[in-house]
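Use the sequences and the hints to build the structure in full.
Each residue of the sequence shown is one higher than the last, beginning at 5 in this note's numbering.
It is worth saying that the hints were derived from the structure and are not from the lab. One or more hints might be untrue.
[Said to hold, decoys possible] Calculated pairs, DSS-like style, for lysine-lysine (alpha carbon to alpha carbon, straight line, at most 27 Å): (1) LYS147 / LYS68; (2) LYS142 / LYS41; (3) LYS46 / LYS112; (4) LYS70 / LYS151; (5) LYS147 / LYS112; (6) LYS70 / LYS112; (7) LYS126 / LYS70; (8) LYS68 / LYS46; (9) LYS112 / LYS44; (10) LYS70 / LYS91.
[Unchecked claim] Taking CB as the label site, the calculated pair distances span: (11) THR153 / SER114: 34 to 44 Å; (12) THR153 / LYS91: 35 to 45 Å; (13) ILE74 / ALA116: 28 to 38 Å; (14) PRO82 / LYS102: 10 to 20 Å; (15) THR153 / ASP92: 33 to 43 Å; (16) ALA116 / LYS151: 19 to 29 Å.
In this text the structure is predicted, and so the values were computed from the model without any measurement. Idealized CB from N, CA, C, for every residue including glycine.
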Amino acid sequence: MKRRTFLKAGLATGATAVAVNAGILAPNTVLAAWNEKAFKTKSVDEGMTAVFGATSAADSADVKLKAPSIAENGAVVPVEVNASAMKDVESIAIFAVKNPVPLACTAKFSGAGVGFASVRLKMGETQDVIAVVKAGGKLYKAKSEVKVTIGGCGG
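Next up, the structure:
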């Protein structure tokens with residue numbers, strides 16, 4: 005590592021630490037919010053109600069859900085949701101229907117944010133993955149079945 009690069013990195017880290025300690029960069033504005041109620045639900049409908057306040061979502065071709073049709077290892081299943089073709093995307097939620105807690109993740113967007121989320125899910129068995137996108141105050145969804153050959157939730 006070059007000396008200048010090392011010194012720049014050290015100064016940047018030090019400046020960030022000073023800003024956090026001074027209260028200028030408060031952790032509550034940097035860290036993600038935790039919707040505890042939503043992540044304790046036991047069904048997709050309960051999760052949708054906790055996240056969006058509603059359970060009905062229209063199927064949409066603008067919600068692109070990319071998930072493998074066969075997952076060799078259920079412990080690490082890559083899932084992508086792309087809703088960049090939609091305007092005013094407010095949030096995205098991903099559900100693994102048969103998991104003990106179906107809600108896998110939520111992402112909220114503001115301003116000029118692009119509606120895209122990429123996660124790795126843990127799935128114990130073959131099941132549907134559902135992506136729900138809130139855009140313009142309405143809910144849209146896409147669904148895909150993932151066949152799991154080796155379980156990830158204790159299997």
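Evaluation of the provided hints:
1. Between the alpha carbons of LYS147 and LYS68 the distance comes to roughly 9 Å, so the proposed pair stays at or under 27 Å and holds.
2. Between the alpha carbons of LYS142 and LYS41 the distance comes to roughly 22 Å, so the proposed pair stays at or under 27 Å and holds.
3. Among the hinted pairs, LYS46 with LYS112 is consistent with the structure: their alpha-carbon atoms are about 22 Å apart, no more than 27 Å.
4. Between LYS70 and LYS151 the CA atoms are separated by roughly 14 Å; this keeps the pair inside 27 Å, and the hint holds.
5. For the suggested pair LYS147 and LYS112, the alpha carbons sit about 20 Å apart, so the restraint of at most 27 Å is met.
6. A threshold of 27 Å between alpha carbons decides the hint, and for LYS70 with LYS112 the separation of about 19 Å falls inside it, so the pair holds.
7. For a cut-off of 27 Å, the pair hint linking LYS126 to LYS70 stands: about 16 Å separates their Cα positions.
8. With a CA separation close to 25 Å, the supplied pair LYS68 and LYS46 stays within the 27 Å bound.
9. Between LYS112 and LYS44, the direct Cα distance comes to roughly 19 Å. Compliance with the 27 Å bound is thereby established for this hinted pair.
10. For the hint pairing LYS70 with LYS91, the CA-to-CA distance comes to about 20 Å; that is within 27 Å, so the pair holds.
11. The given range of 34 to 44 Å is respected by THR153 and SER114, whose C-beta atoms sit roughly 39 Å from each other.
12. A hinted range of 35 to 45 Å holds for the C-beta pair THR153 and LYS91, which are about 39 Å apart.
13. Our hint of 28 to 38 Å for ILE74 and ALA116 holds, since their Cβ atoms are close to 37 Å apart.
14. Judged by the Cβ atoms, the range 10 to 20 Å given for PRO82 and LYS102 holds: they are separated by roughly 18 Å.
15. For THR153 paired with ASP92, a C-beta distance near 39 Å keeps the hint of 33 to 43 Å intact.
16. Between ALA116 and LYS151, the C-beta spacing of about 37 Å breaks the proposed range 19 to 29 Å.
Violation of the numbered hints given earlier is confined to hint 16; every other hint is satisfied by the structure.
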